[in-house]
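These protein sequence lines map, in sequence, to chains A and B. Residue 1268 is where the first sequence ends in our numbering, and the numbering goes up by one at each step. Residue 554 is where the second sequence ends in our numbering, and the numbering goes up by one at each step.
Any given hint might turn out to be false.
[Unchecked claim] No farther apart than 27 Å at their CA atoms in a straight line, the calculated lysine-lysine pairs in the BS3-like style are these: (1) 532/B with 1247/A; (2) 143/B with 487/B; (3) 1225/A with 331/B; (4) 487/B with 1225/A; (5) 191/B with 1242/A; (6) 532/B with 1242/A; (7) 967/A with 487/B; (8) 1225/A with 1242/A; (9) 111/B with 191/B.
Simulated from the structure, these hints should not be mistaken for laboratory data. Owing to the predicted nature of the structure, the values given are computational and were not obtained by experimental measurement.
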Amino acid sequence: MEFAELIKTPRVDNVVLHRPFYPAVEGTLCLTGHHLILSSRQDNTEELWLLHSNIDAIDKRFVGPLGTIIIKCKDFRIIQLDIPGMEECLNIASSIEALSTLDSITLMYPFFYRPMFEVIEDGWHSFLPEQEFELYSSATSDWRLSYVNKEFAVCPSYPPIVIVPKSIDDEALRKVATFRHGGRFPVLSYYHKKNGMVIMRSGQPLTGTNGRRCKEDEKLINATLRAGKRGYIIDTRSLNVAQQARAKGGGFEQEAHYPQWRRIHKSIEREGASILIHGTEGTDSTLQVTSLAQIILEPRSRTIRGFEALIEREWLQAGHPFQQRCAQSAYCSSKQKWESPVFLLFLDCVWQILRQFPCSFEFNENFLIMLFEHAYASQFGTFLGNNESERCKLKLQQKTMSLWSWVNRPSELSKVTNPLFEANSLVIWPSVAPQSLQLWEGIFLRWNRSSKYLDEAYEEMVNIIEYNKELQAKVNLLRRQLAELETKDGVQESP
Amino acid sequence: MEHIRTTKVEQVKLLDRFSTNNKSLTGTLYLTATHLLFIDSQQKETWILHHHIGSVEKLALTTSGCPLVIQCKNFRIVHFIVPRERDCHDIYNSLLQLSKQAKYEDLYAFSYNPKQNDSERLRGWQLIDLAEEYKRMGVPNSNWQLSDANREYKICETYPRELYVPRIASKPIIVGSSKFRSKGRFPVLSYYHQNKEAAICRCSQPLSGFSARCLEDEHLLQAISKANPANRYMYVVDTRPKLNAIANRAAGKGYENEDNYSNIRFQFVGIENIHVMRSSLQKLLEVNGTKGLSVNDFYSGLESSGWLRHIKAVMDAAIFLAKAIMVENASVLVHCSDGWDRTSQVCSLGSLLLDSYYRTVKGFMVLIEKDWISFGHKFSERCGHLDGDPKEVSPVFTQFLECVWHLTEQFPQDFEFNEAFLLQIHEHIHSCQFGNFLGNCQKEREELKLKEKTYSLWPFLLDDQKKYLNPLYSSSSQKFAVLEPNTASFNFKFWRNMYHQFDRTLHPRESVCNIIMNMNEQNKQLEKEIEDLESIFQAFVLRNET
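Can you make the complete structure from the sequences, with help from the hints?
This is the structure:
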């Protein structure tokens, strides 16, 4: 298909653009295969470049020959275009509608985007599972890498390489996969070095109404606990929902078959136990919980690099279906049932913890906002596809650029680095009282009000911190020079 | 001390309200003449001033002991478990007595002794000089003068002695007007905007009933209009909801009839009365106190308390004032019923939007002294300093502080002071530790001889200034840089640090403000150290050259 077929009117003059915080501007509207561009041809006004994939919904109105298109974006911005001429307006509207909902992933912008920056490090190779596993293998020998899924045959939504208990062989894993929703057999999500406790995740067990069992599943789960240790199976669903799932072939673990484990459907107090967590498929709320737990427990996941690794491991590799979940957003009235802001909700949770521990994160709010934007509309291939299997078939590594290649360059990193960061090796327990939770203004009020004064205050804070570093350096230098002078002096004076 | 039967109880538990597993600290409870003190096993001390206690409740006996719940006016809530019911009962009775005094002389301020001599004490009281403040504003001038009409409190007992009025308003006009205004509170100057030559004036409601008029009052308003050379009309802002104002007419009070006054533009702004505000706060506190509160219940409770709606109403009224002066160059006369609650809120907040001086530490003290203390906001009744009518208690001043806090959130670089400053002032309107907020008007304060018998709060805050400075303050802003806050509803949010000030677990564990404050301090020290090192360096170089 040619984009040209979808663009009946590629260009309209005298279009007026209304957008938040800018005065209305008149200019020429151009549609390309991936962008909506409004250029005023004046030096002092910014052009608008909007990715079609960022468009969530459009409304059109007519007053006489003047048409108006209201564009609602997935980043929650709303802009308005006043277009002279009814036909032009209708053409533009139908083009936008078609171009913003392309069926084929390979037609999307990341496949056409040619980066204008120098790639220092190829993000597609930044977070290899083998490297991630090395971080654990020094602390424990109870776990191994398994390549059982290398052809994506055992579990289509899992990556080719997963971490499993050493005592369980690939043959057993294959059997367990048939007992778990989507083939998602229990795998290691996180190993807590301080006490050797682990977080595992999986899909729901397919017990059905007649209480089907799987010996290998029981063996696997029981193998992860030493004698006398307790574990919790956290089912993210309510008991009611979990019970209803049995009718559809799903279900939950019978505690009798997993003697060291207790199954619960709510949160627990701090206690130092291992965890297996799943909901239905184990691709949504399960990942929110495992990744947030790591933010709380693991200092590394609060660094920029570590957080990227976490997104890579617990969201992309773990098979969160980004393509489906982020296909549309809040404004779209015709969204499919698989659309859901699961990832945004996770980022909001991280932001809440960041607010409560403003010095314990290497990144700032901008980093989270950037990830939100790219999950919904991006020039990079990172968030395309629903799982590793799809990404392989799409050859994303060869045909698109990784978001991490762009972010992990000094010029970008400086924008998302938290100037207050001081490495904190502790577990950070956030408050979840309603009084402690706040509206994420950076996302939800971003286009409703100017953040000028807040931005200026942030700048001032950065200045104070920078100045402090400068003064420290200067004092150190002076002290050193003085010490040198003194020793020299001493040498001269001594006979 | 006759109220204290038990001075010390051991093995008392202090419950953590917000922990899910009933965490508690065990320690010893002490009762002194002024404070309730709890020292836990880690030797951490919790001091509760008797005057801060709003209510004490003894709950039904449990297996672990007798629960005692104390709610404080600074929103601290403590939940003790006293092992023996007998002890609990004694403490309960003592606190009931100690927290409700009948006489001013029994309040803490009259016994508080910070070891200052009389001249230090007096200097403290002279720190804030309102005569100086009017001079700073630019009065007296060719249009405004100091009136001696109330020098002996003869016209209005609840006004200060020194009042500024239009130069062309003669004494008979003032006297006549005062007779036509509730409690004699006739229109006087609250703030003068030197650049615009426009004024914010304040008064109480007119005794207009359904048709009464007063020529002197009409003259006085005209005189206020004329004192503004730039604009012929002036606004009269009635801060009450229209319905309330209409209802007042039946009692012979009411509001100005536009037909009787030349060149006024009359406007209601709809701030609710003290009773509505009191019950609104009550509802808010009930929500906050709920154990295991869900997010839904918190937000629906916050919404139905109406609290933030009231905050917004006050803010909108203040913005109306600021706009009238900045955009239309018009003077404004503000009143409510008696002109000491809503009027104080709106006049002070309006001035703060207009004049950056009031956004400094010292200026904010001046603003409170002027629009609240001197103009007779009834602090003792509103804060319930004495055992009195509970219907007179209302969080009017708390709302003012909350409006200011909301402004500091929107304009993080425009205030010299930080949130801790607002919280500390709030602490002391209830503490009765200093004389400033005792009594209900200046006349009463003079009769109590507060300047001889008690201390002023302000010098103590200034001595501690470092704690209260906003590290991001940018003092470069112009004197008349007006703040234009956004009052779309999403800007109003729950002030956790006020209403949960003492519930540490609800707060961020790392405070950006404190870190930046410390860094600012450190930067000053480093600058000095660099200076010292450089001069040593220079000395070295010079010595080696010679």
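We went through each hint and held it up to the structure:
{"no.": "1", "hint": "532/B with 1247/A", "verdict": "holds (14 Å)"}
{"no.": "2", "hint": "143/B with 487/B", "verdict": "holds (15 Å)"}
{"no.": "3", "hint": "1225/A with 331/B", "verdict": "holds (21 Å)"}
{"no.": "4", "hint": "487/B with 1225/A", "verdict": "holds (21 Å)"}
{"no.": "5", "hint": "191/B with 1242/A", "verdict": "violated (61 Å)"}
{"no.": "6", "hint": "532/B with 1242/A", "verdict": "holds (13 Å)"}
{"no.": "7", "hint": "967/A with 487/B", "verdict": "violated (57 Å)"}
{"no.": "8", "hint": "1225/A with 1242/A", "verdict": "holds (26 Å)"}
{"no.": "9", "hint": "111/B with 191/B", "verdict": "holds (25 Å)"}
When held up to the earlier numbered hints, the structure conflicts with 5, 7 and fits the remainder.
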